[in-house]
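So for the sequence shown, my numbering puts the first residue at 1; every next one is plus one.
Keep in mind that the hints were calculated from the coordinates and are not lab data.
Fair warning: this is a prediction, and the values are worked out from it, not measured in the lab.
Heads up, a few of these hints could be off.
Stated by the list, open to error - Heads up, simulated DSS-like pairs for lysine-lysine below, C-alpha to C-alpha not over 25 Å straight-line:
#, residue 1, residue 2
1, Lys255, Lys106
2, Lys723, Lys684
3, Lys724, Lys27
4, Lys684, Lys27
5, Lys255, Lys49
6, Lys93, Lys255
7, Lys49, Lys210
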Amino acid sequence: MPREFDGPAPAMGPDFRFILRVLAAHKTLIILIVLALTALSAFAVSLMKDKYTSEALLLVDNRQVRVVRAEDQALNSITPEDGAILSEIEILKSTAVLSQAVTDLKLATNQEYNPPVQADETKPFVERATAWTREQAHAVFGPELPGVVQAVLAHGDNMTKDTHLRETRAADSIDGVLDRVRRNLEVGVVGRSRVIQVRYTAGDPEIAQKVVDTVVRRYMETRQQMDRDLSTSAVAWLEDRIATLRKEVAAADTKVDAVRFKAGLVKNGTNGLMATTELEQARLRLAEATANRARAVAQAQTLERSAGNGGSLASPVVAQLRATVASISTELAQLSRQYGPKHPRIQELQARLNEANSSLQQEVRHEIGGVREAANVAIEQENALKAMIAKLETGYQTMAEEAVPLRTLEAEAQAKRQLLDSLLGRLEEVQAQQDNRAFPTAVKLVSAPQVPHEPSGPFRILMLLAGFVASLAVAIFIVFGIELFQRRIRTPETVRRILGVGTVHIVPHHSTRGTRGRLDQIFQNHPFSLFSESMRALFRNHLSDLGPVGSIAVTSARPQDGKTSMSLAVAQVAAQAGRRVVVVDTDFRRSRIDGLFNLSAKKGLSDWVSGTATLDEIVHTSEDAPYAMIPAGRLMPETLDRFNVDGLIHLMAGLSPHFDLVVFDTAPALAVSDARIVCGAASKVLFVSRWGHTTASDLQAVADLGPIDHSKFVAVMTDVNLKKAASRGYQGPYNSYMATRKYYGDTTLRTAP
């Protein structure tokens, strides 16, 4: 949880000290919430009734036939294993099986599964509302009702009839019973095995066992009857199909014999026709000769097109000659760079090159002639085969024409015989399965359901533990919500971060004991307390360097932050240090100094501002205080209009001959603008924030009023409970204060718990 109001957030990770501090600060609230919610959880758990669960185990044999059509049964089409298991589960949970179980156990008459129809006192809301509306309408309009009211009442009567009709139909059917049975019935696969687990939970252990036993028994009967019906249908289908195939096979054999006899065809050893075989072999040889001829002619044409250099020839002689020509050409090109065409060496190489080219061309022509001769031989072979095939086709044309349909008829007859053999084998298998002794069901009962002796739920200890954990989580959530929404200031770091000040002075918590708001008397009566030492440190460190005549404005963000008490305490410290001090109350709207010193009837600052009193008339003294006081006086409109910085400077100039220090008790800075006027005229500004009372929003609002003059701004945090702050892990100088508290001899004002 981010620390939005207790110092800067850490760089990363949760702040465990902050979490522990918040939990410790609200431990009482957490305990109360946890106890209350845990008690409610325990009460709710105690009201729960025991539940008993009975179970049975079924083994799915995927080797058995599981089909839904007679054709699949006949052709032995077996579904995949996973699909077969899921299919069995769906059949087991089907309405047909469950309705038979409900009927066998007479659950429709059991109030637990079929509650009675609502009594008259619990009529449907529409019926009760319509009756009340009709009664009120008659009371207002009399016996004759307006048409609109009658239409509304008629609509309500129709809705009531529909509701009763639905209730009647629900009572006559077992749909509600089936829904309750399905909610308590669990059917699933055990792990990755082929075992199906059937579980049922009920308040009565005998009913739980009976439901599982009846559901499993009805399922087994339904499944076995399905297999029998499918087998019977499969046998009938097979017998009909086999009879048809036998007729078709006999007809095909007869037709084959008739065609063979008519054509006078005989079979060779390979079960083929001799004339047809010879013709096919001749055609194969012709195809091979045609391919050879095409290859030889293409090679000859390629060589003739490239006759210049014989690049396509694979002859070693041609290759050698090409290498010689290339070598001479390379050497001639190199010498041509150095010598002219008339040089003897150049002429010699040119003669050798011409001779090599001539030899190459002669060898290429010789090779091309050989290839062309081979192509002519291939052409002659192809022509000879064509002549032989034409002769065979002329002699055996009639036989060839009769052999094609004969082969087709033989293939068709063979295919029908194979299908007939397959169906005959399948017929024998299915007929064997029709016998009850040789017809095991696809699912076998492995473990029969038993009457449970120990309840299967509810798990009260776990539920109570879960309730405790949930209540603890709710309590922590509430506590952190309270802490988040409060946003109270409890660390100096928060004040420094929001207001941008360098240091924040800590004034410890103190006990007023009947002197509420009179911190000056606590300082006077207990000069050696931790509070008194803190006030001395505040005055010496921040307020003692104001010169011969100085002024201090004491303000706060909101009321009841302790600014008036701090003003009097600062005046008391300065007076006991030898300063001549006067306290000026500038809070015209809610003055407290008037009431503390009984100065309400005397003239005050407002009278001096309005010009109705002199400076000597508004300065008063008291035997209870070593300093003088100027009360706020009566609030008048002209007072607020004339109250400004120049007037305050004139006031301080008039008080300077008689006093060394002027302490202004101002109004809250966020309430009125008077405090900003006083702070602008004063030498120092003492800003008071109360520990655990002032909020971060208040400080942010003060910071938004305008830039702060840090040269004269002093931030003070008062009423700090050091013991609580140190024990709850707040960041700040609290531990160092606690470490030195025993140094002070006055035990009556030690930090309160």
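Now the hints, each set against the structure:
no. : hint            : in the structure
1   : Lys255 / Lys106 : violated (68 Å)
2   : Lys723 / Lys684 : violated (31 Å)
3   : Lys724 / Lys27  : holds (13 Å)
4   : Lys684 / Lys27  : violated (42 Å)
5   : Lys255 / Lys49  : violated (82 Å)
6   : Lys93 / Lys255  : violated (56 Å)
7   : Lys49 / Lys210  : holds (20 Å)
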